[in-house]
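Asks: Sequence:
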Amino acid sequence: MPPVEATPIKKLKILIAEDDETSEMLISIAVQEFGEEIIRVETGIEAVEVCRKIPGIDLVLMDIQLPKMNGYEATRQIREFNTDVVIIAQTAFGLSGDKEKAIAAGCDDYISKPIKTEELDKLIVKYFKK
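First residue of the sequence shown: 1, per full-length UniProt numbering; consecutive thereafter.
Just so you know, these hints were derived from the structure itself, not from any lab.
Beta carbons: idealized from backbone N, C-alpha and C, even for Gly.
Honestly, I wouldn't trust all of these hints.
To be verified - Taking CB as the label site, the calculated pair distances span:
no.: 1; residue 1: Pro67; residue 2: Lys101; range: 16 to 26 Å
no.: 2; residue 1: Thr117; residue 2: Glu21; range: 27 to 37 Å
no.: 3; residue 1: Gln32; residue 2: Gly97; range: 17 to 27 Å
no.: 4; residue 1: Lys68; residue 2: Lys10; range: 30 to 40 Å
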């Protein structure tokens, strides 16, 4: 497989659902090369609303521990009206069973925090390489 940066993918519309400002900033930097547009929200409710109102979101990076509505429930609600968007769960806890719960809720994949840029790049390329 060629290096991640050598694998062409289209520019993506990315939604980052993350309530921790530092984590959100680091994720934004990590996905910058892939993003045509990066949208940021802090709650699960906002994530659902944005996915409903803004067409063409390609990728959602969904924190599982969000205020007002957790990432599992937000993912379930998004899946009710959008089965095409790629949703990658992210959590700081990395507890046993988290990945299975994320997949059961409708996430396509899962990544543990702290997020390593190389791992995130590989996941994005996995779903969006041409």
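Asks: I'd like to know which numbered hints this structure contradicts. Please list them from smallest to largest.
Replies: Those not satisfied are hints 2, 3.
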